[in-house]
Amino acid sequence: MAEFWVNMGPQHPMTHGLWNMRVKISGETITDAEPEIGYLHRGYEKIMEVREFQKNVVLTDRLCYVSSVTWSHAYALACEKMMGLEVPPRGQWIRVISLEIQRLASHLMWLAAYGPDLGLLTALLWALRERELFLDLLQLLTGARMNQNFPRVGGVRNDLPPDFDKYCAKIIKHFRGKLDEYKRLMHDSKIFRMRTQGVGRISAADAIDWGVTGPNLRACGVDVDLRRLEPYETYDEVDFEPQVWKGGDGGDSYARFICRFNEMRESCDIIEQAVKKIPAGPYRAKAPRRAEGEGFARTEDSRGEALFYVIGDGDDRPYRVKIRSPVYCTMAATPLMLRGNKMADVVSILGSVDVCVGEMDK
Amino acid sequence: MSGALVSPDLFTLCKVLVGGILRILSDGVLAATPVGSPVEGLRGLGYFLVEDWLVTLLAWVVAITIMVTWAAAIQLLTIMWMERKFYARLQDRYGIMVSIWSLPFWPFSWWAKRRNKPTHRGLGYLQNVADGVKLIQKENITPASADRAMFHTAPVMIASSTILIFAALPFSEGFVIANVPLSLLFILATFSIAPLGILIAGWASNNKYSLIGGMRAAAQLMAYEIPLLLAIVAVLIYSGTLNVIDIVQRQEVPLAASGPLSYIPSWNIFSIPQFIGFAVFFVAIMAEMERIPFDIPEAEAELVEGWTTEYTGMRFGLVFGFKWLRALAGSALVVILYFGGWSGPVFTTLTPYVGGTAIPIPIIPHEVWFLLKVYFVFLIFVWISWSVPRVRIDQILNIGWKKLIPLSLLAIIVAAVFAAFGPYLGGIR
Numbered sequence: 001m002a003e004f005w006v007n008m009g010p011q012h013p014m015t016h017g018l019w020n021m022r023v024k025i026s027g028e029t030i031t032d033a034e035p036e037i038g039y040l041h042r043g044y045e046k047i048m049e050v051r052e053f054q055k056n057v058v059l060t061d062r063l064c065y066v067s068s069v070t071w072s073h074a075y076a077l078a079c080e081k082m083m084g085l086e087v088p089p090r091g092q093w094i095r096v097i098s099l100e101i102q103r104l105a106s107h108l109m110w111l112a113a114y115g116p117d118l119g120l121l122t123a124l125l126w127a128l129r130e131r132e133l134f135l136d137l138l139q140l141l142t143g144a145r146m147n148q149n150f151p152r153v154g155g156v157r158n159d160l161p162p163d164f165d166k167y168c169a170k171i172i173k174h175f176r177g178k179l180d181e182y183k184r185l186m187h188d189s190k191i192f193r194m195r196t197q198g199v200g201r202i203s204a205a206d207a208i209d210w211g212v213t214g215p216n217l218r219a220c221g222v223d224v225d226l227r228r229l230e231p232y233e234t235y236d237e238v239d240f241e242p243q244v245w246k247g248g249d250g251g252d253s254y255a256r257f258i259c260r261f262n263e264m265r266e267s268c269d270i271i272e273q274a275v276k277k278i279p280a281g282p283y284r285a286k287a288p289r290r291a292e293g294e295g296f297a298r299t300e301d302s303r304g305e306a307l308f309y310v311i312g313d314g315d316d317r318p319y320r321v322k323i324r325s326p327v328y329c330t331m332a333a334t335p336l337m338l339r340g341n342k343m344a345d346v347v348s349i350l351g352s353v354d355v356c357v358g359e360m361d362k
Numbered sequence: 001m002s003g004a005l006v007s008p009d010l011f012t013l014c015k016v017l018v019g020g021i022l023r024i025l026s027d028g029v030l031a032a033t034p035v036g037s038p039v040e041g042l043r044g045l046g047y048f049l050v051e052d053w054l055v056t057l058l059a060w061v062v063a064i065t066i067m068v069t070w071a072a073a074i075q076l077l078t079i080m081w082m083e084r085k086f087y088a089r090l091q092d093r094y095g096i097m098v099s100i101w102s103l104p105f106w107p108f109s110w111w112a113k114r115r116n117k118p119t120h121r122g123l124g125y126l127q128n129v130a131d132g133v134k135l136i137q138k139e140n141i142t143p144a145s146a147d148r149a150m151f152h153t154a155p156v157m158i159a160s161s162t163i164l165i166f167a168a169l170p171f172s173e174g175f176v177i178a179n180v181p182l183s184l185l186f187i188l189a190t191f192s193i194a195p196l197g198i199l200i201a202g203w204a205s206n207n208k209y210s211l212i213g214g215m216r217a218a219a220q221l222m223a224y225e226i227p228l229l230l231a232i233v234a235v236l237i238y239s240g241t242l243n244v245i246d247i248v249q250r251q252e253v254p255l256a257a258s259g260p261l262s263y264i265p266s267w268n269i270f271s272i273p274q275f276i277g278f279a280v281f282f283v284a285i286m287a288e289m290e291r292i293p294f295d296i297p298e299a300e301a302e303l304v305e306g307w308t309t310e311y312t313g314m315r316f317g318l319v320f321g322f323k324w325l326r327a328l329a330g331s332a333l334v335v336i337l338y339f340g341g342w343s344g345p346v347f348t349t350l351t352p353y354v355g356g357t358a359i360p361i362p363i364i365p366h367e368v369w370f371l372l373k374v375y376f377v378f379l380i381f382v383w384i385s386w387s388v389p390r391v392r393i394d395q396i397l398n399i400g401w402k403k404l405i406p407l408s409l410l411a412i413i414v415a416a417v418f419a420a421f422g423p424y425l426g427g428i429r
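Heads up: the sequence lines are chains A and B, in that order.
So the first sequence is residues 1 to 362, counted in my numbering.
So the second sequence is residues 1 to 429, counted in my numbering.
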């Protein structure tokens with residue numbers, strides 16, 4: 001059969017969002033691939049230049065609509081570094097709690113999307129069922145299920161609601177049992193392992209060269225977790241283990257799946273510790289209206305390393321903002337993972353990468 | 001001992017029914033047109049109505065209508081409803097709930113309002129009807145660059161060949177249209193016409209996804225026809241006939257003449273070689289039905305909707321809905337070949353003496369036993385397909401060629417050895 005290009009996107013069930021993966025197939029084997037992105041480009045870096053520092057949080061929330069808090073937090077962190085602002089400890093702890101709840105919600109959304117990618121619709125409904133619980137927690141904390149607008153330059157918007165630790169403990173206890181259920185449904189299944197093991201392999205050196213970060217890089221066996229390497233907020237005070245693939249042949253869809261999946265357990269641990277350790281006190285520092293200087297923050301987003309670089313020129317709005325989206329860099333490496341695999345593996349690979357088009361196209 | 005409601009068979013019943021009606025009509029006509037009256041010329045109509053060929057023809061029409069309505073309408077809706085309800089429960093949700101009270105017009109809406117009934121919390125049986133009505137209303141789009149004739153032929157081919165299965169597929173020893181000697185061969189032959197339609201549909205749509213889906217369907221179904229047929233060969237060694245009704249009757253005898261085993265019927269699944277064959281057949285028929293671990297021809301994650309991508313409206317409804325009819329036929333085949341067909345426990349027949357003769361009255365007739373078993377097998381299929389991911393094309397072919405075919409050959413050899421030497425080995429089977 002002659003080789004031909006197949007557009008998997010922009011309107012295709014494989015793409016969770018609006019982008020296009022062009023794959024060149026010979027029979028069923030992929031010989032080349034080429035991601036086409038930019039359908040959702042909204043000019044974030046430019047829009048942010050005309051809004052005040054605090055008001056940009058509304059925008060950064062919408063960078064990735066399934067992981068709003070983490071992105072807004074990265075922005076707030078960069079602004080605080082520029083302003084030389086110290087967030088009160090309680091504010092830092094609340095940030096840690098909200099970040100981890102958001103990471104859980106985001107990972108559950110990924111799990112929910114990965115199921116139907118492999119033809120397992122049951123996983124979608126099961127994962128969304130538990131995501132509801134964490135969205136409820138976020139709603140309790142921030143007042144919104146989506147686009148929470150919660151982190152502020154200098155802290156967070158509001159204090160923890162009463163009895164929040166009890167709700168957290170209850171939901172996490174319930175969720176731990178459900179994680180075992182997912183395990184039985186997904187990676188205990190032989191067919192699941194047939195579909196993911198050895199598929200979409202990328203070597204650690206390649207992954208580093210192409211700028212792959214986060215769980216996708218940890219799946220290659222590289223121990224990078226910014227929460228450990230460069231602790232921001234109070235991550236140095238909680239005890240958790242970055243999920244790194246320990247087996248010999250990592251870097252495939254299965255390793256990425258396992259790393260992400262186990263990260264959910266770690267997030268549960270972090271939340272449990274954080275609600276216990278949180279001190280009393282103020283949760284927000286007064287941020288100056290105008291600022292001058294450079295702020296640079298990188299955080300461990302749900303999908304990898306999120307980076308914000310903010311320059312202020314003494315005005316009340318940033319002079320320049322640069323966003324580094326982890327998915328944008330990972331997407332460049334996907335042709336490497338795709339080549340040589342079968343066409344059905346496109347979904348298995350790109351699903352495990354966890355694409356979020358909002359942050360990719362900025 | 002007959003436990004079937006439809007006995008001795010559907011055609012005879014229809015012929016009695018149609019013959020009776022025509023006889024009454026004929027008598028009426030003859031009475032209304034006495035000899036010597038001005039309308040005497042119409043007496044010929046009265047004699048014509050009781051012509052044997054006309055009665056036979058009409059009886060066939062009625063029998064086929066009953067069968068198609070029963071299988072392609074009632075059973076199709078029922079198993080679609082069962083699947084949607086069952087996997088909804090697997091997924092922790094209610095599933096379809098449209099019921100008769102959801103109908104938005106009098107008298108249902110009026111009655112629902114009056115009795116304060118919840119309008120969308122019923123059993124959901126009517127949801128598939130509603131979906132069908134919606135699909136009929138939709139526009140039938142033919143892609144500009146499609147091969148029009150072939151594009152329109154494929155759904156007809158798929159649908160008609162699937163209905164053709166029910167010409168020979170029995171629901172009990174009487175509830176069958178045509179009891180032909182080689183009915184099993186006929187069923188399997190008609191079963192494998194649809195893949196050709198799928199290939200045509202995939203090619204004629206002139207769409208890359210459809211083409212890949214059609215090609216996958218061809219490769220997959222070719223790989224799975226062979227173990228399917230080989231597994232049946234093992235059954236044939238035991239039953240010695242290709243007639244499905246005879247195959248079931250061979251399974252109705254008890255496993256042993258006396259002792260505790262005499263309460264167990266000699267279903268094929270209770271024998272060693274047939275169990276291997278059953279495993280092969282189960283997997284292969286699942287692939288033939290294109291259920292989820294093997295639904296790569298329309299893998300919606302990577303191929304949008306596979307070979308059905310370009311079909312819209314009721315044409316899509318046809319090609320989509322007939323998968324369930326194939327599932328019904330497949331489950332029925334599993335039951336017939338391995339689960340003893342319609343034979344149920346012995347206590348289902350009452351034999352009261354009426355006027356000195358024993359008249360068997362089935363409490364639970366054979367048709368009901370058969371449907372219960374079919375639903376059970378179908379639910380196992382559903383259960384499997386909603387709890388495993390989809391297998392990849394190369395893996396599917398590996399399973400078919402490298403695992404199922406050797407296994408089915410093994411089943412044949414063991415069945416042959418047991419059939420030849422079983423009596424000398426203590427009646428092992």
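Hints are computed from structural coordinates only; laboratory data are not their basis.
Keep in mind the model is a prediction, meaning the values are calculated, not measured.
C-beta atoms are modelled at their ideal positions from N, C-alpha and C, and glycine is treated no differently.
Each hint should be verified, as a subset may be incorrect.
[Said to hold, decoys possible] With a straight-line Cα cutoff of 20 Å, these simulated SDA-like cross-link-like pairs (lysine to any residue) come out:
1. B:K403 <-> A:M194
2. B:K85 <-> A:T29
3. A:K277 <-> A:M194
4. B:K208 <-> A:T29
5. A:K342 <-> B:Q395
6. B:K323 <-> B:V156
7. B:K208 <-> A:E34
8. B:K402 <-> A:P88
9. B:K323 <-> B:A218
10. A:K190 <-> B:F282
11. A:K24 <-> B:I363
12. B:K208 <-> A:P13
13. A:K342 <-> B:F282
14. B:K208 <-> A:S26
15. B:K208 <-> A:A169
16. A:K178 <-> B:A218
[To be verified] Stretch-level coverage of chain B by chain A, calculated; a stretch enters the list once three of its residues show a Cβ under 8 Å from a Cβ in chain A:
17. 24 to 31
18. 106 to 115
19. 156 to 166
How the hints compare with the structure:
Simply put, K403 of chain B and M194 of chain A have alpha-carbon atoms about 15 Å apart, close enough for the 20 Å limit, and the pair holds. Between K85 of chain B and T29 of chain A the alpha-carbon distance is near 37 Å, which puts this suggested pair outside the 20 Å criterion. About 43 Å separates the Cα atoms of K277 of chain A and M194 of chain A, which puts this hinted pair outside 20 Å; it is violated. Under the criterion of a C-alpha separation no larger than 20 Å, the hint pairing K208 of chain B with T29 of chain A is consistent with the structure, at around 14 Å.
The suggested pairing of K342 of chain A with Q395 of chain B holds, with an alpha-carbon distance near 11 Å, which does not exceed 20 Å. For the given pair, K323 of chain B sits about 13 Å from V156 of chain B by alpha-carbon distance, which is consistent with the 20 Å threshold. With a C-alpha separation of about 17 Å, the suggested pair K208 of chain B and E34 of chain A falls inside the 20 Å cut-off, and the hint holds. Between K402 of chain B and P88 of chain A the CA atoms are separated by roughly 65 Å; this puts the pair beyond 20 Å, and the hint is violated.
Taking the CA atoms of K323 of chain B and A218 of chain B, the gap is near 16 Å; set against the 20 Å cutoff, the hint holds. Straight-line distance between C-alpha atoms of K190 of chain A and F282 of chain B comes to about 18 Å, which keeps the hinted pair within the 20 Å bound. About 62 Å separates the Cα atoms of K24 of chain A and I363 of chain B, which puts this hinted pair outside 20 Å; it is violated. Distance hint between K208 of chain B and P13 of chain A is fulfilled; the C-alpha atoms sit about 15 Å from each other, no more than 20 Å.
At roughly 27 Å between alpha-carbon atoms, K342 of chain A and F282 of chain B are farther apart than 20 Å, so this suggested pair is violated. Distance restraint check for K208 of chain B and S26 of chain A: the Cα-Cα separation of roughly 12 Å lies within the 20 Å cut-off, and the hinted pair is therefore satisfied. For the hint pairing K208 of chain B with A169 of chain A, the CA-to-CA distance comes to about 51 Å; that exceeds 20 Å, so the pair is violated. About 40 Å separates the Cα atoms of K178 of chain A and A218 of chain B, which puts this hinted pair outside 20 Å; it is violated.
With 0 residues bearing a CB less than 8 Å from a CB of chain A, the segment 24 to 31 of chain B misses the requirement of three and the coverage assertion fails. Counting residues of the segment 106 to 115 of chain B whose beta carbon lies closer than 8 Å to any beta carbon of chain A gives 0, which falls below the threshold of three, so the coverage claim is violated. Residue count for the segment 156 to 166 of chain B with a Cβ under 8 Å from a Cβ of chain A: 0. That is fewer than the three needed, and the coverage hint is violated.
In this structure, the hints that do not hold are numbers 2, 3, 8, 11, 13, 15, 16, 17, 18 and 19, in rising order.
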